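Kindly produce the complete structure, drawing on both the sequences and the hints.
Protein chains: 2
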Amino acid sequence: MKKSLGAQTLVFPTPTWIVGTYGPDGRPNIMTAAWGGICCSDPPCVAVSLRKATYTYGSLMARRAFTLSVPSESQVKEADHCGLVSGRDVDKFAGTGFTPVRSELVDAPYAAEFPLVLECHVVQVFELGLHTQFVGQIMDVKAEEIVLGEGAVPEIKKIRPIIFSPGNRVYYGVGNSLGHAFAIGKEI
Amino acid sequence: MKKSLGAQTLVFPTPTWIVGTYGPDGRPNIMTAAWGGICCSDPPCVAVSLRKATYTYGSLMARRAFTLSVPSESQVKEADHCGLVSGRDVDKFAGTGFTPVRSELVDAPYAAEFPLVLECHVVQVFELGLHTQFVGQIMDVKAEEIVLGEGAVPEIKKIRPIIFSPGNRVYYGVGNSLGHAFAIGKEI
Numbered sequence: 557m558k559k560s561l562g563a564q565t566l567v568f569p570t571p572t573w574i575v576g577t578y579g580p581d582g583r584p585n586i587m588t589a590a591w592g593g594i595c596c597s598d599p600p601c602v603a604v605s606l607r608k609a610t611y612t613y614g615s616l617m618a619r620r621a622f623t624l625s626v627p628s629e630s631q632v633k634e635a636d637h638c639g640l641v642s643g644r645d646v647d648k649f650a651g652t653g654f655t656p657v658r659s660e661l662v663d664a665p666y667a668a669e670f671p672l673v674l675e676c677h678v679v680q681v682f683e684l685g686l687h688t689q690f691v692g693q694i695m696d697v698k699a700e701e702i703v704l705g706e707g708a709v710p711e712i713k714k715i716r717p718i719i720f721s722p723g724n725r726v727y728y729g730v731g732n733s734l735g736h737a738f739a740i741g742k743e744i
Numbered sequence: 557m558k559k560s561l562g563a564q565t566l567v568f569p570t571p572t573w574i575v576g577t578y579g580p581d582g583r584p585n586i587m588t589a590a591w592g593g594i595c596c597s598d599p600p601c602v603a604v605s606l607r608k609a610t611y612t613y614g615s616l617m618a619r620r621a622f623t624l625s626v627p628s629e630s631q632v633k634e635a636d637h638c639g640l641v642s643g644r645d646v647d648k649f650a651g652t653g654f655t656p657v658r659s660e661l662v663d664a665p666y667a668a669e670f671p672l673v674l675e676c677h678v679v680q681v682f683e684l685g686l687h688t689q690f691v692g693q694i695m696d697v698k699a700e701e702i703v704l705g706e707g708a709v710p711e712i713k714k715i716r717p718i719i720f721s722p723g724n725r726v727y728y729g730v731g732n733s734l735g736h737a738f739a740i741g742k743e744i
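Chains as they are written, first to last, in this note's numbering: chain A, 557 to 744; chain B, 557 to 744.
Derived by calculation from the structure, the hints in this document are not laboratory data.
Quick caveat, the model's predicted, so the values are computed rather than measured.
If chains are identical, the list can't say which one is meant, so a pair holds when it fits in one copy or spans any two.
Straight line, CA to CA, 30 Å or less: simulated DSS-like cross-link-like pairs of lysine-lysine:
no.	residue 1	residue 2
1	608	742
2	742	714
3	558	713
4	633	714
5	633	559
6	713	633
7	633	558
8	742	633
9	713	742
10	633	608
11	714	558
12	559	714
13	559	713
So this is what it looks like as structure tokens:
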């Protein structure tokens with residue numbers, strides 16, 4: 557018998573990602589986002605939802621481009637910091653010590669230090685309520701060599717992404733392998 | 557210096573969720589989905605993307621309702637199985653031994669055995685390409701008592717959700733706590 561918890565955004569896992577944009581003055585900015593996910597395989601697209609009140613919202617509407625970076629466990633303080641303060645008030649690259657890099661594919665910056673980055677053009681904007689969903693077409697994925705495994709495939713255990721747990725609002729790392737997808741279910 | 561991997565759906569983490577729907581004949585069905593995420597806090601909404609070719613796509617278009625369940629590590633074989641076979645061909649409740657439960661809030665079923673379930677009305681359908689994105693308004697979240705912690709908040713370490721890693725297509729568990737969100741970044 558399940559207990560009703562009410563209509564809440566409680567689901568697991570959710571990601572911890574960093575959205576990079578240029579502000580109206582051309583300054584690079586990064587913010588943390590947990591509301592998002594892959595939304596299409598072809599064309600490859602990722603969705604991220606932001607409140608209108610965020611500084612990044614205006615940048616996204618104006619430039620129609622963003623980067624989405626996957627921070628590593630060791631960057632959890634910096635990742636959290638980028639969700640605590642606004643690019644309106646502070647320079648988060650200065651605060652974190654991260655290095656802004658201009659994407660050659662889209663009109664948006666990313667931090668060199670994150671192990672993996674998606675460069676995205678905004679192809680759809682959906683108003684959903686408190687949040688606006690931006691669908692970004694992934695123009696390229698770039699990764700540090702150190703997180704690549706066999707066949708130049710990025711490996712989650714090398715990236716060590718950060719999982720955000722809504723409810724108690726705690727960050728977690730990735731644990732042990734549970735088996736190969738599209739394979740272990742064949743045993744049933 | 558980052559290495560270019562091309563335009564691919566490579567991002568980390570992605571979830572492993574189970575979408576429950578009724579087919580045209582009223583039979584309950586469940587399928588596995590990794591392309592999705594929370595997309596709005598108010599109203600609380602979750603997005604999930606499916607290919608038109610799936611059996612669930614037709615069910616979602618017809619009934620405009622679904623459940624989204626979070627399977628636990630111990631259910632990884634069943635979760636994988638539900639992504640390997642189609643509800644057109646097989647009864648996945650029979651195959652997994654799971655128990656179908658009719659939602660009292662939306663016109664969709666879920667498996668009693670999953671520790672957490674979101675009951676959703678489809679409020680938006682966005683055609684994005686190979687995938688169609690369904691935005692579901694979360695009408696309720698229901699959880700097994702055993703996964704609840706202090707204040708009846710579901711705890712990720714009790715749910716033990718499954719993380720899907722694209723690229724090498726491996727499932728992973730959740731690892732250690734990295735600290736409190738909206739808190740540890742204050743040290744910067």
